[in-house]
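A.B. asks: Here are the chains, one letter per residue:
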Amino acid sequence: MSLSTAFNIAGRSLRATSHQTQIVSRNVSEAGNPNYNRRIAVVSSTAPGSQVLTIQRAANSALFRANLSAVSSYEAQASLRVGIESMTQAVNGVENASSAATAIGSLYDALQIYSANPANASIAERAIDAARQVVRSLNSGSTAINASRVDADRQISGSVDELNQMLADFKDVNDEVIAGTIAGRDISEPLDKRDTLLQRIAEYVPISTIGRANNDMVITTTSGTTLFETLPREVSFEPASGYTAGSAGNQIYLDGVPLPIGTGGDTNSNGKLAGLIQLRDQVAPALMAQLDEIARGMIEAFAEVDRSGGGGPALAGLFSWSGGPALPTAGTLSNGLASRIIINPAMDSSVGGNASVLRDGGANGANYVANASGGASYADLLISYQARLDQPISFDPVAGAGATASVMAYSTNSISWLESVRKKADEAQLAKEALVMRTSEALSNSTGVNMDQEMSLLLELEQSYQASSRIIQAVDEMFAALFQAAG
Amino acid sequence: MKTVAVSSHSIRQALRYSMSRMQNDLVSAQKESTTLRVADVGLALGARTGHSVSLARDVSRLNSLIDSNQLAASRLSSTQSALAQLNERGEELRTALTAALSGSSDPGIARADSDAMLETLTSIMNTSINGEYLFAGINTDVQPLANFKDPTSPARVSFDNAFQTHFGFTQTDPAAANITETQMLDFIDNVVEPQFMGADWNTNWSTASDDTIVARIGLNETAKTSVSANESGVRKLAMAAAISTSLLSGPVNSGAVSAVVNRALAYTAEGIAEITDARSNAGIQENRISNASSRIEMQIDIFERSILDMEGVDPYAAASKVSALVTQIETAYSLTSRIQQLSLLKFLG
Chain A
1 MSLSTAFNIA GRSLRATSHQ TQIVSRNVSE AGNPNYNRRI AVVSSTAPGS
51 QVLTIQRAAN SALFRANLSA VSSYEAQASL RVGIESMTQA VNGVENASSA
101 ATAIGSLYDA LQIYSANPAN ASIAERAIDA ARQVVRSLNS GSTAINASRV
151 DADRQISGSV DELNQMLADF KDVNDEVIAG TIAGRDISEP LDKRDTLLQR
201 IAEYVPISTI GRANNDMVIT TTSGTTLFET LPREVSFEPA SGYTAGSAGN
251 QIYLDGVPLP IGTGGDTNSN GKLAGLIQLR DQVAPALMAQ LDEIARGMIE
301 AFAEVDRSGG GGPALAGLFS WSGGPALPTA GTLSNGLASR IIINPAMDSS
351 VGGNASVLRD GGANGANYVA NASGGASYAD LLISYQARLD QPISFDPVAG
401 AGATASVMAY STNSISWLES VRKKADEAQL AKEALVMRTS EALSNSTGVN
451 MDQEMSLLLE LEQSYQASSR IIQAVDEMFA ALFQAAG
Chain B
1 MKTVAVSSHS IRQALRYSMS RMQNDLVSAQ KESTTLRVAD VGLALGARTG
51 HSVSLARDVS RLNSLIDSNQ LAASRLSSTQ SALAQLNERG EELRTALTAA
101 LSGSSDPGIA RADSDAMLET LTSIMNTSIN GEYLFAGINT DVQPLANFKD
151 PTSPARVSFD NAFQTHFGFT QTDPAAANIT ETQMLDFIDN VVEPQFMGAD
201 WNTNWSTASD DTIVARIGLN ETAKTSVSAN ESGVRKLAMA AAISTSLLSG
251 PVNSGAVSAV VNRALAYTAE GIAEITDARS NAGIQENRIS NASSRIEMQI
301 DIFERSILDM EGVDPYAAAS KVSALVTQIE TAYSLTSRIQ QLSLLKFLG
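Protein sequence lines, in the order shown, are assigned to chains A and B.
Counted the way my numbering counts, the first sequence spans residues 1 to 487.
Counted the way my numbering counts, the second sequence spans residues 1 to 349.
Any given hint could turn out to be false.
Under the rule of at most 30 Å between Cα atoms (straight-line distance), these lysine-lysine pairs were calculated in the DSSO-like manner [unchecked claim]:
| # | chain 1 | residue 1 | chain 2 | residue 2 |
| --- | --- | --- | --- | --- |
| 1 | B | 31 | A | 424 |
| 2 | B | 149 | A | 424 |
| 3 | A | 193 | A | 171 |
| 4 | B | 321 | B | 31 |
Bear in mind the hints are in silico, worked out from the structure with no lab data behind them.
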């Protein structure tokens, strides 16, 4: 009977080999899929000739966790950097060409030319036009910052929807894993899907996972808030309808707990959502406050004083605002001033004013006229404005660009502040990007498919298939010889 | 069992990341080697970007100072040449008056010369450049000096009225022949002189302001860059010419003539001296302006050098960076194609 046993063993071997071949071909076909974990067919022998084939899935949970955390920190950094980059372009322009600092510099030059030709009306208009450029730069900078905050809200809102959808998908896949485990099926497929989902969720929020019985998985954020446990928890966010200077944005709630936000250009925020909130709630408002302070500095520098001896208050000159002609409170941030600053209508020829009021003073009535004789080449007031642009005044330290500086210097401080945040963000992004590359490479090396290995395995299987076939053939011949002898 | 530590996916992706970084670097290196400035000033300087913006702004404001200084200098040099002409005409008047005084020529010649002097003085003082009156002080949009030759001008009317009030008849009245030398001297010293040297000058003769044009010539330096028609030298020349042209027009006797010519000569001499003073003052301002401009040019040089220090790129370094990157990228390309060839499949029969 042992001949027929040999026959049977060879047959089972053929079956096991073709099964393994199937897995090899599956591995080969998925070699290009970065989210595919290599399957390994494990053949174990029990009783003589009886082979059990189980499928293992290559996994490396330590590398996988490192990759998840690298992805989160990279995504936060990237969204912050992109936001800062586009805000820098929108507020300061390419090479700071449309920044308030540059516009103030041009105004200074225009004043110099005007003070050398005080009687020339067209040069006076040019000075007013330079002042208009300052107003435009501040107005459009402030609009751009508000727009970028609204845009951040829109992105957050979209991302929160995607995150909720992914958590819902996660439930389906997780259920499949549990059911498969209980039934003892091959669950490699749903595990792959689950890992892919985890990687995508980690792009939005930093997560850690806890394994439970039957391959069940719980997702929490790294700060401990539960995102998924048997059922997905709700992530909620209410976008603001619009932003003004000083207005606060809404929080993102994960299962009722606000999402923690990091600080700094090289941010310690994790996940795209935290990066966006940091941009919206830290970088944008600080830049806005600096623009507001520049606007206040300009209104102060060009303020007119009472020259009648009547002791009237200093009032807004070339630059006024919606609360004018009174000056905004000195040394204190006045929210939204950059969007409310205007050219004094008394000097703005486009609304019936006269540019020569800039030279003579008197936008606020006869008591404020500096050029008493009315001479057309009076330049003293213009020269004093230039000096005032260089005089230190106090700024609100809340805005983060220094406390005492001339308005000229303050405007460049603001550029320095923004560019230093951008530089840090850019450098940090490079480092974090490299980390993501490194960890995913390590993960891929550890769990991915190597074609050459699969090919050599295939050769091995081919050999074993041929050997088994030879055995069948040999046994067949033996039976034939036996039958012949018996015949 | 898993024995290899590299997946086909990583092999294929290995060069992708470094390739995209190198290509990024190549773009900025190319930009740097053509512009010789760092590709992104903000990323290169970070917190120092504000400093570079502020230096660029300083350069531009210093340049605008140089431009405006040129304007002030050209105004002063026009002033100089106008005053020089005035001095020349003053000297001629002095010669004519001296000749008249010594009796070697007819007083009529001196009178005609004064007439011409008055015309020249008025036209020089009313010189305008670019629509601005040069000698008007800061009141540059109004013609500064009244034309004495026009019988209706306030200068002429007030002069004639003063004569009429003092003597009771006009200059050309036959009674003028009776004016004595003492009377004439009294009229000139006590009636005419206040009209020129006192506050009346500003009502009758001149609309110029005493304040002259102030210009900023350096970051913290201002200069007076014009001369007003109210300078006492101008007033004295105007007075010398006015008395000799007006008081000699009637049938005055020789005593009165000598009084007029004497006084006219004295005022002319003083006027010439004072205008020379004004010219040297203007010269001092011109000199200050040219000094300020050359100081500013030095500053611009220094600022531009610091901008270059901050933002500049060494052309050799930039060029060699480009060629190094090109070589690296080429290597990466050829490696990629070699790796694509690398497969066991090729060797399996």
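A.B. asks: Decide, hint by hint, whether the structure agrees.
C.D. replies: Verification of the hints:
Among the hinted pairs, residue 31 of chain B with residue 424 of chain A is consistent with the structure: their alpha-carbon atoms are about 22 Å apart, no more than 30 Å. At roughly 78 Å between alpha-carbon atoms, residue 149 of chain B and residue 424 of chain A are farther apart than 30 Å, so this suggested pair is violated. At most 30 Å may separate the alpha-carbon atoms for a hinted pair to count; residue 193 of chain A and residue 171 of chain A meet this at roughly 11 Å. A C-alpha spacing of about 11 Å is found between residue 321 of chain B and residue 31 of chain B, which places the hinted pair at or below 30 Å, so the restraint holds.
Going down the numbered hints, you'll see the structure goes against just number 2.
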